[in-house]
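**Student:** Protein chains in written order, with my numbering: chain A, 219 to 357; chain B, 13 to 681; chain C, 9 to 186.
Calculated from the structure, these hints are not laboratory results. Every value quoted in this text rests on a predicted model; they were computed, and no experiment measured them. Treat the hints with care, as some may be off.
[Claimed, not checked] Below, computed lysine-lysine pairings styled on BS3-like, alpha-carbon distance capped at 27 Å: (1) B:K426 x C:K182; (2) A:K259 x A:K283; (3) A:K225 x B:K426; (4) C:K104 x B:K278; (5) B:K278 x A:K225; (6) B:K279 x B:K209; (7) B:K430 x B:K220; (8) B:K128 x B:K40; (9) A:K223 x B:K430.
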Amino acid sequence: MLKGKLKFIIAISVIALTVSYLVYGGVKDTMVYYLTVEELKAQVPTVYDSRVRVSGTVVPGTIIKDTDGSIVFQITDGAQMVDVAYEGIIPDIFADDVEAVVEGVYAKNNVFEADILLAKCPTKYESTDSLYENKETSY
Amino acid sequence: MVETGSISIFLAFIISIYVLAASIYGAKTRKWDFVKSAENGAIAVLFLLVIATIALVYSLINLDFSLKYVALNTSTDLAMIYRFTSLWAGQAGSLLLWCLVLSVYTAIVVLQSRNKDRQLMPYVLATLATVSIFFIGIITFVESPFEKLPFTPQEGRGLNPILQNAYMAIHPLTLYFGYVGVTVPFAFGMGALLSGKLGDEWIRYSRKWALFAWTFLSIGLLLGARWAYLELGWGGYWAWDPVENAAFMPWLAATAFIHSVMIQEKKGMLKKWNMSLIIITFFLSIFGTFITRSGIISSVHSFAQSDIGPLFLGFIAFILLFSFAMFLYRMNDLETENKFDSILSRESAFIFNNLLFLGAAFAVFLGTIFPILSEAVTGNKILVGPPYFNRVNVPIALVLIFLMGVGPLISWRKASFKNLVKNFLYPILLGIITVIVLLALGIKDTVALISFALCAFVTGTVFTEFFRGTRVRIKRGENFLLAFMRLVSRNKRRYGGYIVHIGIVLIVIGVTASSVFVTEKQSTLARGESMELRNYSLRFDGLKQYTTDAKNATIANLTLFEGGKEIDIISPEKNIYKYEGNREINQETEVALRSTYKDDLYIILSSFNEDGSATIRVMINPLVNWIWAGGTVLLLGAIVTMWPSGRKSRQEAFVRYTVSDHDAPVKAS
Amino acid sequence: MDIAIILIITATVAIYIAFPFFLQKDDRANENFTTPDIKSEDLIVERLKTLDNQKENLYSAIRDIEFDYGLGKLSREDFEELDNKYKIDAASVLKKMDEIQKQSGARTPVDVLEQEILSYRNKSASNQTDNTEIENEITAFRSANRKIVSEIKCLQCGAGHSLGDLFCSKCGAKLNQK
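Produce the entire structure from the sequences given, and follow the hints as far as they go.
**Tutor:** So, in structure tokens, the structure goes:
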């Protein structure tokens, strides 16, 4: 009986340890720092060539589309700006003033080479600001 | 109408408090009229919430912009059907829907259980009332759907175009049916802990609810994946986004639960485990909705940053503390009668299944809250993305698929070597043959090979089960068709479960193929030029533009060739919506999708230039349709497992006849 | 207009909730759990339902192990051990049901089950499954009532014994009564 129970405990431990190992290894190898533009610039030169994620607002007028579909633009956190080059699927919502998240590598030429681009709605979903604008024009 | 709605919600809140108090008081003092009054209260809450919902729907359909919720989510050009579905598009409305669904479930539990178990049921009702108090409290005091604006705008902000789509209309509903459904087994568990009735009753009564909630969580997840695939335009269906994970975690725990309760029913074991598991499942469900609503973890999906976050946290903390306190209090009474015999048995297969599901849930949970955790601990925000989730979950999933095949066939208690060989020989052979065939076809990816081999193995075991079961009945004299039908109808849970497993196998095959063997290419083409991917070729025939009332559309006309033969015309679009300013997205990419059972051709018009050239992105996703097909099979299997078995009505008849001989002509049921 | 609707709603709800407190004394709604009177309608109904539930669970457990044994998932020893256990439990449940029915003066259980068959034959002829099951039940019930003697087999030598026996009269082995 005890031997059977021991086998069980061993098996359960194996499972728990394997999962823990997978989690630990997974986190260690894939973790990505999430920085603001200011933080990114502050961590030069150590941050060069390591994979990070940066968020910021798209600076109006800086989006330039190339004929092959890739784009360059600038994002800012209000204090600092950084150049971004991206090739890939561009979210529909991506435009001036949109909150963008880029993930990739900050190259030594100070251009952030992104392979992931996400964009979020600029206004808070529940904000009523736009309604006030409507009110102005309605009468 | 609006005042009526408002007051109804407030009354529902007050009465829910009464239901909690009266059910506990009635149970403790054994005063049946208090319990009955509490039951009536639960039905009254349903009545009131229906009125409130009707009031809100009425306001939405009639575009009453004086209400903040209506103004934020509708506009004068919104189609009627989407005025209705905007009921769950925003925070307050979706919370009201949650309350409504919860009150429907509570009322059904009350009606189903009249006379079932007088010791247990009042505490079940009390638990349901407590959860209701929280949610109804939020919509009464914090996020009221009937909040008015200080003025009445002439135009509303409009519904996000992404939500104006059939899938998006149904997906939240099915998820809510699932999320809220988890509350019922949890309430039964708490009822057992509070009342001291720690036997099988709570599991037996809540079993169908657990299956029901699980089914809807599954459907909700699949619909969400399909919507993401069709609408979000990146060619994938799952991004390990926090909101997706929020629904996935309770699904994992619920799957573990519906399996481990089988052990308790058959063998009386795992009582403590099941109790803890349902608490965890419920916790994950509430946590899931908390993540989605509070915006605490930034996600592309998030509704809003809002004040309800801290309230949710408080509620979650309360639930966890109270449940586990009760659990510890009753722990000694949750002893089991039986012991485990051997590691090579069905019992242990189920236990390993549970451990793995929980391991996966833990891994996903950790990955999801990692940014918050890391920021709290180190001050730096660190996140882990799809690579982490895939790396951790794929091995776990592979072992689970293996267990899915082993579990049904392995014997209880202790499997002998002879038994193992007899049961698993053919399925194992099938798996090996599959690997050989795939290698011959040129497929070399290890994970894919293992996955497909295991799927073949599981399919083999399921067919073995059906075949052997039918054969046993044929020996008793039934013909094949009758034997098969009777087999399934006499053992709905077992065979329905096997059908669900087949659905899962189809989904796994689809996911494996579309993850491992996806190919993608982006090219900029001038008119007349072609691009090639695999043995498909796309010729760009030019751009076309048209306008409707709502949008300016640009279409790229492409001709598709397969192996040189012309087979189809593909037209991906890029649309600009005219009404700017009140929409968050005014540009929309419409994917052109050509789906077959072999693969999906996913074509996007990325951008176009003034010289008439266009940038086209093509993806070939193999076997994606298998995922949706598997989902349908899963649903069918789930329906079979939940189908009533006619046993209850016999029990009623039996009891009715037993007491009908009495003097007092009172109905027994 | 709204005020009127609100008042009506509030009144309806209040009445519905207060209703159970005002029911007649001899109505079951006001009944107290702790009534020791076993003849009380409700208690009989509740007890019978609980016992019937247990009975059904045991029958389905027996069906399951028979099925698993037929499919080769259960060894002969395991099957017989479990089969014995379930049959003992089922017989004792049936005995308890029998006692309650005798005390409450109802008809004998066998008559009741025959009533059931009649009611189902009247419903739809295609409900064969239930009929077969019920008839099997009666057979099982009858044999449980009369032939409990041969219900328990000695696991060593296979000799039959009655419910109360502790040791095999043939080979002396302990009978697995649990």
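**Student:** Tell me, in ascending order, the numbers of any earlier hints that this structure violates.
**Tutor:** Of the numbered hints, just 7 does not hold.
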